[in-house]
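In the order they appear, the protein sequences are chains L and A. Just so you know, the first sequence maps onto residues 1 to 268 in my numbering. Just so you know, the second sequence maps onto residues 269 to 595 in my numbering.
Hint data in this document are derived by calculation from the structure and do not stem from the laboratory. Note that the coordinates shown come from a computational prediction; the quantities given were computed from them, not determined experimentally. Each residue gets a CB set at the ideal place from its N, CA and C atoms; glycine is no exception. Be careful, since some hints might not be right.
Said to hold, decoys possible - Calculated pairs, DSS-like style, for lysine-lysine (alpha carbon to alpha carbon, straight line, at most 30 Å):
id, chain 1, residue 1, chain 2, residue 2
1, L, 48, L, 257
2, A, 405, A, 483
3, L, 257, L, 43
4, L, 257, A, 483
5, A, 483, L, 10
6, A, 405, L, 10
7, L, 10, L, 257
8, L, 257, A, 405
Unchecked claim - Some, not all, of what chain A presents toward chain L, calculated at C-beta under 10 Å:
id, residue
9, 355
10, 359
11, 392
12, 432
Said to hold, decoys possible - Label pairs and their in silico Cβ distance ranges:
id, chain 1, residue 1, chain 2, residue 2, range
13, L, 25, A, 341, 49 to 55 Å
14, A, 301, L, 149, 20 to 26 Å
15, L, 37, A, 539, 19 to 25 Å
16, L, 174, A, 553, 48 to 54 Å
17, L, 7, A, 409, 19 to 25 Å
18, A, 332, L, 174, 32 to 38 Å
19, L, 183, A, 594, 45 to 51 Å
20, A, 594, L, 7, 36 to 42 Å
21, L, 247, A, 589, 37 to 43 Å
22, L, 37, A, 381, 28 to 34 Å
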Amino acid sequence: MSRLGIGPLKLYGLLFIVYLYGPVLLMSVFSFNDNIFAVFPLKAFTLKHYQAAFANQSLINALWNSVRVAVIVSTVSTFMGLLAAMATTRYRLPFQGPVVGTIMLPLVVPSIIFGVGILVVLRKVLDVELSLATVAAGHVMLCVPFSMLVLVSRLEGFDRSLEEASADLGERPLMTFWRVTLPLAIPGIVSSFLMCFTVSFDEFVLAFFLSGTEQTLPIFLYSQLRFPQKLPSMLALGSTILLASTIIVVTAELMRKRGIQPGTPSGI
Amino acid sequence: MSQGSLASGMEAQRSRKASFRIMQDRPWLAGYALLSPTMLLMLVLLVAPIVALIAMSFWTQNGFQIDTSPTANNYWRLVAPSATPTIWNGIPFPFENAVYAIALFKSILISLVTTLFVILIAYPMAYFLAFAVGRNKTIWLILITIPFWTSYLLRVFAWKIMLGFNGVINSGLVSLGIIDQPLTFLLYNPAAVVITLVHAWVAFAILPIYVSLEKIDRSLLEAATDLGDRPWQVFRRVTLPLSAPGTIAASLLVFIPTVGDYVTPTLVGGAGGTMVGNLIQTLFGRQNDQPLGAALSIVMMIVVTLIVCLFLWSTGYGRMRAREASS
Numbered sequence: 001m002s003r004l005g006i007g008p009l010k011l012y013g014l015l016f017i018v019y020l021y022g023p024v025l026l027m028s029v030f031s032f033n034d035n036i037f038a039v040f041p042l043k044a045f046t047l048k049h050y051q052a053a054f055a056n057q058s059l060i061n062a063l064w065n066s067v068r069v070a071v072i073v074s075t076v077s078t079f080m081g082l083l084a085a086m087a088t089t090r091y092r093l094p095f096q097g098p099v100v101g102t103i104m105l106p107l108v109v110p111s112i113i114f115g116v117g118i119l120v121v122l123r124k125v126l127d128v129e130l131s132l133a134t135v136a137a138g139h140v141m142l143c144v145p146f147s148m149l150v151l152v153s154r155l156e157g158f159d160r161s162l163e164e165a166s167a168d169l170g171e172r173p174l175m176t177f178w179r180v181t182l183p184l185a186i187p188g189i190v191s192s193f194l195m196c197f198t199v200s201f202d203e204f205v206l207a208f209f210l211s212g213t214e215q216t217l218p219i220f221l222y223s224q225l226r227f228p229q230k231l232p233s234m235l236a237l238g239s240t241i242l243l244a245s246t247i248i249v250v251t252a253e254l255m256r257k258r259g260i261q262p263g264t265p266s267g268i
Numbered sequence: 269m270s271q272g273s274l275a276s277g278m279e280a281q282r283s284r285k286a287s288f289r290i291m292q293d294r295p296w297l298a299g300y301a302l303l304s305p306t307m308l309l310m311l312v313l314l315v316a317p318i319v320a321l322i323a324m325s326f327w328t329q330n331g332f333q334i335d336t337s338p339t340a341n342n343y344w345r346l347v348a349p350s351a352t353p354t355i356w357n358g359i360p361f362p363f364e365n366a367v368y369a370i371a372l373f374k375s376i377l378i379s380l381v382t383t384l385f386v387i388l389i390a391y392p393m394a395y396f397l398a399f400a401v402g403r404n405k406t407i408w409l410i411l412i413t414i415p416f417w418t419s420y421l422l423r424v425f426a427w428k429i430m431l432g433f434n435g436v437i438n439s440g441l442v443s444l445g446i447i448d449q450p451l452t453f454l455l456y457n458p459a460a461v462v463i464t465l466v467h468a469w470v471a472f473a474i475l476p477i478y479v480s481l482e483k484i485d486r487s488l489l490e491a492a493t494d495l496g497d498r499p500w501q502v503f504r505r506v507t508l509p510l511s512a513p514g515t516i517a518a519s520l521l522v523f524i525p526t527v528g529d530y531v532t533p534t535l536v537g538g539a540g541g542t543m544v545g546n547l548i549q550t551l552f553g554r555q556n557d558q559p560l561g562a563a564l565s566i567v568m569m570i571v572v573t574l575i576v577c578l579f580l581w582s583t584g585y586g587r588m589r590a591r592e593a594s595s
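Chain A on its own, in the form it takes in the complex (with noise of 0.2 Å):
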């Protein structure tokens, strides 16, 4: 090796180490060089789309064109009063686009009522799952990943074959004799996609509750059976509370994503049926009034977090999670 090559390649190591003495001191600059690519990735598809709906909310649609001079009056269509209320289901709604406001109100319900069940379905598999079995954990885990991961499209397609005039559960019933007539009552309403939807979902709720369950020290439940609890008394007074942070995880997780849900009221809701994603979906679409439909994107997002808000307040989840870090 002739002396040249061996000075500038000492020249390179020096440099080499000199950058990499940079790097040592700042040790997360490395980090944030080896997370750049993805948070570019993110800043584009996932920051930028929501400011640019924020600012497409201000917007107003003229035909085909988009008319950029800012204005609240999408909001304002969305909340605009009225003297004479939209009566829904025996509530007034005082809007005079109240189509609106009943959808997000109607999402919201059917998601509440939907994440109560799939907590109350859950749990119970949870509980099996951290405290009853012993061998085959691994099976029983996949077996209730599996469908968390299968086409959601289809899960819905298939309560869709359950539920219709036509369908399995009518043609089972009258084939045993049971009812002559198909019952009209399965599909096409509100409690179709309330059913679809705690199916669709109840899997993503068993292991952040899974793991809660699985964290509690065991042999606190030992210490209030040897001071005489009984079973029942244990689980309500030392494995439902120290569990309370996966479940509330769990809801979380069910009711953010259910609220703008698109598939299943398309499928199964009918007209009886619709949430506030198919009215986003056709503002976007057919009626195309895409900064009304961003407004309204924009209101059920806020209106979400607040609820979430609320509820994490109300269960005292972040008192929770501090003792939880402290313990």
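Here chain L stands alone, though its shape is the one from the complex (with noise of 0.2 Å):
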């Protein structure tokens, strides 16, 4: 029955990715062009846009800025996905649903809710100065759930068996977990490591309320979008971040499907 409708189903699918990447792919188009504005018909194809671009010292700040928290986010974020990976998927625990559910909330729940949220208990209740801590702590709370998705996946891909063969030969749950568990979830360790960075570094609403005088990229972007002389530039940086993004996901995706299938231990 499906057979009948592969023609017109594949027709959907390819027409679907055009119009999902046409825009951005247009985006990065035009940082090649030799015009000012984003406007048809193309002129001539020229790298000057990205020279001005990365010449650009404020730039080059807030690019270090955003790798620094997006690198101290990842680590934190992946080590604590681990740990409630771990326990979610190791113990039965009493009121799991209603713990995992509000651990998982970030994905649904708008930005701008936290946002304000973070930003009234750190000033009027911590009375912290904002800074690239701040953002930080706000992108933890975002990145959490998705390690902890990508790494529950992962701990449930693989075969219990090797652990309780651990366990019976003698070892101790420490070790267990650090010669059997530890390098079969190595995959998605990375994986969930990279997720995160793409988030934290991409990442623009709670950037917006959390941070103090230091700007990450997308703040420093989005403060650029305000000049129309800069457009130019600002496509360059927006291809680039794309394609910085995109290598770092599928990168990501391949590790986090290798050796999923029960048995096959291909991530050792």
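Could you use the hints to bring the two separately framed chains together as a complex?
Okay, here's the thing in structure tokens:
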């Protein structure tokens, strides 16, 4: 029955991919066009927008800030996500549903709610100055659920009897974790790290509310959108960010899918 | 090895065994021990902010000071009735500060329309992935997942460039000779917000629908065909109802976050496309009335929760999930 539908469905699938990628690909096309507006017809190929963008010192500073925040966020989130995934896949916890549901809230609740909420806690309750550290704190809250989802599926994906065998052969739980669980979970850990890196690196709304004087890259980009003459540089910057994120995400996805079937310990 | 160190070693092992036994009797304690750092973190960064917002919504802003004596005044300001209703697109809003009610109503309307289009576009794609893709499934799945993870800000920015007065669509149509003058109705209105939101969220909706389509027992489809159903009837009477849980989940995954979206209305909405997220930001920023902003945030969450509950109840989602769990 489905065989009859392959023709039009496949056409739909291809059109969908064109629709999904079209606008961002056009953005990249115009970043190489020798014109200060993003308009047709195309004039000539040029790299000068890229040169102009990366000659800007505030861009380099913002890029460095974003990388620092993203590295810390992805390390902390992946560690927290791993502990949480171990807890929920290896133990039957009372009230597991509500607890995990709460941890997953950032996936659906609009970021602006957490943006203003964390702002109130930081400024009115804890009296902390806004800085890159407060941005990182907000991003960890956002990234832990992503990390946990990736790692839960990884920990559920491999053969539990490997851990049981290790325990039966006399390994203590910590050593079983160190010598069996962790090596098997490595692809998931790397994948989680990369995913959290991209989420933090690209995040705008929380950073908008929680950053102080130091800008992250999306905040810098947003602040430049007000100036029409900056448009070409921002097209170049945006295209570079999209390319980098795409490479990271594809790597993460391939890692995550590696050896996920039970009994194929190719992840070791 | 000396006798003493051996004895103390055995002692240590015994006490470790004792603590291990407590864990074995109540294994969930060990589980919660593992979960505790994450729970502590979420308590500070997720639960406390929401509690703080609720508390603040009952306070009052006095210039740069906050008066913490509890009052429901902020909520009253949001719903205070007025004898002369403010008319918005022919709909009367009988409130004194109607701007908040209008923004909330408009946000919900924009999100509902967005969700509808997202499902209409995502469902065939999920169907294609579940039933028509044999080989290369990983590639297709990665292709639809990439936008999910890449910069939301940049995807919205791309639409600003597409729809602008001096933008891609206008210049393209002009240079093709289809129009002489750029179209002004493309950018800075609610339609631009919907177009951008649909594109930004459509990838999120595919996976839940795809998963529920994948789970369908193929023999049910064969049975329906054998019993004389045409392909369209099989789809309407078997596939569609069985994929409803995933479709409902996808709708919520799009509807809930888009109501409070801030980036899209700011970049492509203009004055006409302002949503409730913009008002919350202004109250916390330029207008400097944080308690009112907190109250507006809480009201938004309550209204969204009520709509979601109504939707789940009217579609019988709970019964669907129960049936899934029992089968």
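Now the hints, each set against the structure:
no.	hint	result
1	48/L to 257/L	39 Å, violated
2	405/A to 483/A	16 Å, holds
3	257/L to 43/L	43 Å, violated
4	257/L to 483/A	19 Å, holds
5	483/A to 10/L	21 Å, holds
6	405/A to 10/L	13 Å, holds
7	10/L to 257/L	24 Å, holds
8	257/L to 405/A	12 Å, holds
9	355	28 Å, violated
10	359	24 Å, violated
11	392	5 Å, holds
12	432	8 Å, holds
13	25/L to 341/A: 49 to 55 Å	51 Å, holds
14	301/A to 149/L: 20 to 26 Å	22 Å, holds
15	37/L to 539/A: 19 to 25 Å	23 Å, holds
16	174/L to 553/A: 48 to 54 Å	49 Å, holds
17	7/L to 409/A: 19 to 25 Å	21 Å, holds
18	332/A to 174/L: 32 to 38 Å	53 Å, violated
19	183/L to 594/A: 45 to 51 Å	38 Å, violated
20	594/A to 7/L: 36 to 42 Å	38 Å, holds
21	247/L to 589/A: 37 to 43 Å	38 Å, holds
22	37/L to 381/A: 28 to 34 Å	31 Å, holds
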